[in-house]
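With chain S held as given, fit chains A, U, W and F with the ligands onto it using these hints.
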Amino acid sequence: MLNVNQLDVSYGASQALYNVCMSAEVGKVTCVLGRNGVGKTTLMKALSGHLSAGKGGIQWQGKSLNGIAPFDRARQGIAYVPQGRDIFAQLTVEENLQTAFSALPKSQRRIDPEIYSLFPVLQQMLKRRGGDLSGGQQQQLAIARALLLKPKLLILDEPTEGIQPSIIKDIGSVIKLLRDRGEMAIVLVEQYLDFAAELADEFIILERGRVVAAGAGSELASSQQAKELLAI
Amino acid sequence: ADTIKVGVLHSLSGTMAISETTLKDTVLMMVEEQNKKGGLLGKQLEAVVVDPASNWPLFAEKTRELLEKDKVDVIFGCWTSVSRKSVLPVVEELNGLLFYPVQYEGEESSKNVFYTGAAPNQQAIPAVDYLMNDVGVKRWVLAGTDYVYPRTTNKILESYLKSKGVAAKDIMINYTPFGHSDWQTIVSDIKKFGSAGVKTAVVSTINGDANVPFYKELANQGVSAEDIPVVAFSVGEEELSGFDTKPLVGHLAAWNYFMSADGKENDAFIKQWHSFTKDDKRVTNDPMEATYIGFNMWTKAVEKAGTADVSKVQDAMIGISVPNLTGGMAVMNKNHHLSKPVLIGEIQEDGQFDIVWQTDGVVPGDAWTDFLPESKNLISDWTAPINCGNYNTATKTCGGAVAAE
Amino acid sequence: MSLQTPKHIDNPAVLYMDGVSVSFDGFKALNSLSMVIAPGEMRAIIGPNGAGKTTMMDVITGKTRPDTGTIIFTDNANSQHDLTRFDEADVANLGVGRKFQKPSVIESLTVFENLEMSLKGGRSIWQALLHKLTAEKAQKLDDILDMIDLADKREELAGNLSHGQKQWLEIGMLLGQEPQLLLIDEPAAGMTDEETMKTAELFKRLAQKHSLMVVEHDMDFIEALDCKVTVLHEGHVLAEGSLATVKANPQVIEVYLGR
Amino acid sequence: MTQTKQFGPLTRLLMNDAAGRKLLLVLAVMAVFIPLSNLLLPEGSFFHVSTYTMTLLGKYLCYALLAIAVDLIWGYCGILSLGHGAFFALGGYAMGMYLMRQIGDRGVYGNPELPDFMVFLNWTELPWYWLGFDQFWFAMLMVLLAPGILAFVFGALAFRSRVTGVYLSIITQALTYALLLAFFRNDMGFGGNNGLTDFKDILGYSLQSDNTRAVLFVASVLALILGYLISRFIVTSKLGRVLVAIRDSESRARFLGYRVEHYKLFVFVVSSMLAGVAGALYVPQVGIINPGEFAPINSIEIIIWVAVGGRGTLFGAVIGAMLVNYAKTYFTGAFAELWLFMLGGLFVLTTLYLPKGVVGLWAHLKEKYQQKKHQREAEDNPPALNTETQSKAAPEQQDKLNFVQGEKV
Amino acid sequence: MFTLFRRVFFAVLLLSASHNILANNADTQPSLAELSQKLISANYKEKAQLAEQIALIEDDQAIVILQALLDSRLYYVKNNEQLLLVDSSGESDTAQDAFTLQAVAGLGKRDIKKIGVNNSLRVALRSLISRAQISSKHKSQRMAAAQNLLKSSDDIDRAFIDQALERETDRDVAEVLQLVRALMQLKSDQTNERINGLTALDGALYPEVRAGLGEFIRNFSDEEKLSRKNEYQLAQTTLTDIEKLVSINGYIENLYFGLALGAVLLLAAIGLAITFGVMGVINMAHGEMIMLGAYTTYVVQLLMPEHIGLSLVVAVPAAFLVSGLVGVLIERGVIRHLYGRPLETLLATFGISLILQQAVRSIFSPLNREVATPEWMAGTFMINPALELTWNRLYIIIFSLMVLALLALVLKRTLFGLQMRAVTMNRPMASSMGIKTGWVDALTFGLGSGIAGIAGVALSQLTNVGPNLGQAYIIDSFMVVVFGGVGNLWGTLVGAMTLGVANKIFEPLAGAVLAKIMVLVFIILFIQKRPRGLFALKGRAVDNG
Ligand SMILES: Nc1ncnc2c1ncn2[C@@H]1O[C@H](COP(=O)(O)OP(=O)(O)OP(=O)(O)O)[C@@H](O)[C@H]1O
Ligand SMILES: Nc1ncnc2c1ncn2[C@@H]1O[C@H](COP(=O)(O)OP(=O)(O)OP(=O)(O)O)[C@@H](O)[C@H]1O
Ligand SMILES: NC(N)=O
Ligand SMILES: [Mg+2]
Ligand SMILES: [Mg+2]
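Order-wise, the sequence lines are chains S, A, U, W and F.
Letter by letter, the first sequence follows residues 43 to 274 of my numbering.
Letter by letter, the second sequence follows residues 54 to 458 of my numbering.
Letter by letter, the third sequence follows residues 74 to 332 of my numbering.
Letter by letter, the fourth sequence follows residues -5 to 403 of my numbering.
Letter by letter, the fifth sequence follows residues 329 to 873 of my numbering.
Hint data in this document are derived by calculation from the structure and do not stem from the laboratory.
Treat the hints with care, since some could be wrong.
[Said to hold, decoys possible] To list a few chain A residues with every Cβ distance to chain F over 10 Å, as calculated:
hint : residue
1    : V102
2    : D123
3    : F296
[To be verified] Selected chain S positions facing chain F (Cβ under 7 Å, derived; list incomplete):
hint : residue
4    : F130
5    : A142
6    : S144
7    : K148
Just so you know, these numbers come straight off a predicted model, no measurement behind them.
For glycine and all other residues, C-beta sits at the position ideal for the given N, C-alpha and C.
If we strip away everything but chain S, and leave its shape as in the complex, we get (with noise of 0.2 Å):
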């Protein structure tokens, strides 16, 4: 279970969030949403201890998060796909994915098989450079490196992004599985409404740094609020 309570996060002199709260719970996909420059990168970036709470707290299965390096909450469990997926460019697909063992131990350290049939295109290009990919090659990888961590908490900020529609269904089948399998808690920042509200248990909208809206994932495709508050 994971509980902001009352965030605000700045750069410098400029605050990005403002008093936000939210929570995910295990078994559970909750999106975030919002427009351009919202903050929704923000409060994941907070999230994954990227930048630091100003004020407010992030709670991690009952424990405060704040002042964890973003090395220690991997370790606890959360794993992060960024925005602009941040694959390490000149390592290889493979080698991309290894990097996930540093957070498990020894037993653990292997590519499970899996990743390969959710993403086949990893598998062929496994000695290619990650940097050599395409757009949406490298979005793949940095899902897959991230659920090669076995989280426990899944960060996921707009993970179709640049992604061809077959394997977005994919995507979102594979949230849906391990949102079922019940082991796993997903925030999932999404601008396509259509998949956000498919998947969504819990939603929150931000607006200028502010939740400004929040409720059930199966209001959301019917909620007229949120349809104005995404539109220009």
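Just chains A, U, W and F with the ligands now, with coordinates in the frame of chain S:
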């Protein structure tokens, strides 16, 4: 002023610190001793130490600082010729007094500078004579660092050797950059050059940092002093203390002083140095002796003139004589160079030199060498009526601007 | 700068690509690709990840040299240029503008300065040195700023923008550049559905004066563009036609859309 | 870099440049006050500036101009030249050659045509590349052309081949190193290791007279002011923004249609000429030019001045050059045996605590203050100052010369 | 047998010493003690004559005394002129009586004085001793003696060589002796002797042979060239053949020099290939890390003066630790604040480099420190007489390759290597993958610094161990890394070797200074062709970072 100020202008950092720091300490030791004796003219001496950091323009700047800001009465300093060249205009402009304690290429004489190191005729020529006459060397390698001192010295030597009937094919000249560290090819070439069945020697004007790798390579390629002796003009006890001399026994150096010289003055000097540095392994060397002589001459001249005033001291300096550390007396000549004995030593296992040859008496330093056509007719004489650093004895004129103002 | 040996094309296309191949260490990213874009045409390009869409743009803009093939660009003055001979700056100056897949703006210039730099003309050193912002140009910049909704971020450093804002800024820069041919790689990524539609509208307006080549994976966006669609797969054209036809193509469904 | 575009090219120079205006004011005051006080006031007077101080300041001013030259290419265009000392030295040699020729027959060997070192090397006539240097105008032209042409040829090659980043840095270093070795050689005809020295006069005025020194000082101030204005003119123009774009993302600038290699070449040549002028003014004031000026370490030091002052602000380059050199002068005199600790410490502390250099101090303090305020409002949970946040917060201080991965698109 | 042989030989020798001012009556041979005692007051010329006489004495102690004289271990007590043997340390407490070999106690350093030798005396002594050793039991001594004879074939008796040859069982030594004989044969007045000599010299690579042949050819007068045409031509072809062989060997030697120089550059650069190549830190303090390694070697030798041979083996890990730890401290203290700002690492590490230089100057003095070369690294091994390769360089070539291989293994085959690369490519993301970035950074910098320290151990064998050591290598190191292609270990290897060999190709053509300039120009031009170094990384991965 209530003190007499002594400027110390030696690099304490950068590439030359390795050599010059010792001279700074020598001056400080001399000052300390003089003060123990009650100072000079009843005043205490005060040393002003600055660090020109092996940076040549900085030498000029620091000289100006010493003379204008600190108002020192005398400066002991410089090692490389280029640093001296950089300082020269400043001491001349501000009428300072510089004591320069290192062997150099000559071709200079300034009213404001006293040269207490060797001129080429006090080091290079006698060394070559020794090798030619006593060792029977017939083939010569002149190896040097590519800058003015080696170039000039080698030019003089080349001309001298040719005048002695050495053929051009029996002279090999080789230059390397400053700090050259890969000597494989050159040592191998020397080896080849020396294996023609004729006695061959290397005259080394290699300077500074390049020496250690050079000698290490000599040792490694097994060039022994018995086969091809190397005589160096820039390698003294201090340089030797930086490496293992066992494989180098027998190679030579020519200086005006060796630490191993017998004599009361030398023993006393060494003792004083050991107690000053609190290290009884510290060695002494030729530029230290030159500093010692210069300092003693200066104090004597100040006493003689009754003032530390530069112009008066300048006049009083000429003709002053003080004991050498190797015995006998050093005399300051009219050309601001010394008369000193020349010694040749062989490297011993313990890093000392064994003196194997020395001149009968003292050799007067010649500012303008007789072995080059351009300077053959030049002399320097800082006494009336000539009063000129580069007086042409043929045209009877004082050339250039070093003329007395 | 016109082509040395004019290979004359009767119905001059803005962009004529024939048999273009590129390989990286043996991997064929483009495989004998041919395509023609007519003046004022808007063309949507879709295709699986790794199909070679971005590589194609690299080849057109001079970033990557093709191994074989011709790429001919016809400018407004109707002269033809073999793009494979030019470098990036030349191609840009001929009238080809590009938006990158990964948003790329000049991070330590402000939003305004980014746009100012993109404005058409004044590429030479002297012009840049003596450049003066005329009222007309200033007006144009303001219009663009409004259009991309960044007027309030005008003096913000571009590096401080969010992902989507950078996308918009890049589109704005393309507008400022007024190229004859626009190559746009995944403009809708990271935009909300509304914004996506707005972008589609914008492009449709542009298409009257310019030629556009738009790469996207968002089918709603493609549909909104309402134009001819080319499907790339493994470096060459798999299908071409209206969206409806290509969507019905079983091969396209197989490799791209999924069932 | 805000709101400057509404103004014409000349008016914009000093708008938004409060620091620059102050700097120019100080320089102008110096140009008047220092020579006058040196020449007119008696030595004991409190306001008297000694020739030593004036000459020293003159030297710093030359260094400051050199720093501006480096900042122009490094701070604004991302070209890290580790060989800029070469251009400085070439300018210096051009001036030195003129000064040598002025000696005439007053050399030690009294040869009216040849400098002493040539007489000594048995040269019988002046080598062709020394011809013309007896003319002041020609020498001054060479002060600009010698560095300029070298920079042009070198830059044209390197920029056309798209040599960037550390590769460029290293070949500039190779360039200056090669020149160092070449100038050491006596055969080159530039006086070998000793270089050119023992100058007598310039334009007929004795270099040892205080009047001449005062004039040289004023000339240095003027050159610095002019150099500052020229650089300012460049960086505040649109060209300046193109340079920043190139620094940030060279290939993005290309795709926008800017011919990156031309722009780089232009600033590189301008910068080399500024450096040459600095060298030319430096030589008569310090009295010697020798190959040591080509030493790679010297060029690195210039970079250090700029970094200490604050890269990417012309004003910072000036401050940095002055500060570091003053520190050096002071430390080498006052702490002759320990000064390297102090200078080294100064550099380390600057990087740690003044990420934008000395001129960034003010901005830094302001920001710190605001953060504090912010924190106080936030009451608890002081943010752990982590480097990611810091660098995210100020992308302009991130170096786009991403050495390992090449530049970013 | 042995002593008899010696007597014959020296008797012959003595005849050649025409007048001998010190010679006693020929009948009453002076004793060893008497002769030795005279050494104290003799000048160098007289010492040489005394030595010859001593060599004649049938007493093994005679050779011991000559050897001691040669090694500067022969001393005497100042006040009673007792002759002493002192060990090579020169300490008075090791003194023994030269004849009885009884230890002599109670002497101070100032009480004893060495009996000096100079070069010519050393030459004479060595030849006396080595000639005696021509019949030594040890092959190496006989070989040395034979080679020594080669140098002085002029003043040896033919019968002596013939006898020695007869007794010689070892082929190598016999070969040399044959050459000695052949050289003598050249001087013969019998044609077939000379022809035999010439044939025996065929293919001999000793420089003395070339000198002998050269002289032989020069001595032909114009008419002899005609009258003894065959002989003349034979001599000439023999000489040209030899010279051809020699010049081939010269090329091989030069290549070796190039590789050896390359190995030095490689060692100096490998550490930088990590701190700069992998981490992107413009590490101006790299040279000082090398320097620290060299000083560590010095300290290790101070701590174990009795085991110089072992000291280098100990120094390698010690230097790795010292430099590595300093590296870790620098990283934790300074560099870690500067990630994302590579250019500022230049400023900071430059400052650190100044501090370290001064620190060493303050602690160890500005003078160079003496680092001894262990026995096993000294000298050359002879492939043939025209090609002798130095041991130390060979070790350094091997050592540098080992270090490189080890490092490549760590980088490519271990998780730590993967983490290192990941962290430098994208620090925040690496952290999110669970990599302790701070830890990895510190260890990586420590590794690079530690390797620089190891380089210092090797360099201490070649060059100055002083405060400027680092400055001498920093520029070359950067050149190598950049020339090879930043971030590519192979590039560093090939880059270092290319520059080393290029330098050695240019050097014979143009001299050391111009060669260096040419190498620099070569680098500049090469980079135009390959703007990202020899082994450039290509593709999107680089452009899009
Ligand atoms: N490094 C930064 N420095 C300063 N401001 C920033 C920085 N990064 C983002 N911002 C600002 O913070 C706000 C929130 O940005 P964030 O990236 O969180 O938006 P987002 O919701 O993820 O948008 P998008 O949908 O475009 O990705 C934006 O207004 C942006 O301009
Ligand atoms: N430098 C390179 N080295 C190796 N392979 C490369 C390189 N550049 C591109 N590729 C490969 O070429 C193929 C085409 O890539 P491209 O980026 O053009 O695809 P795309 O159609 O744009 O895909 P996406 O929709 O994911 O952006 C991919 O499989 C990619 O991995
Ligand atoms: N004078 C010298 N040794 O440079
Ligand atoms: Mg975002
Ligand atoms: Mg793509």
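For each hint, the structure was consulted:
1. V102: 14 Å, holds
2. D123: 23 Å, holds
3. F296: 5 Å, violated
4. F130: This interface hint holds because 5 Å falls under the 7 Å limit.
5. A142: 6 Å, holds
6. S144: 4 Å, holds
7. K148: Since the shortest Cβ distance to chain F is 10 Å, the answer is violated.
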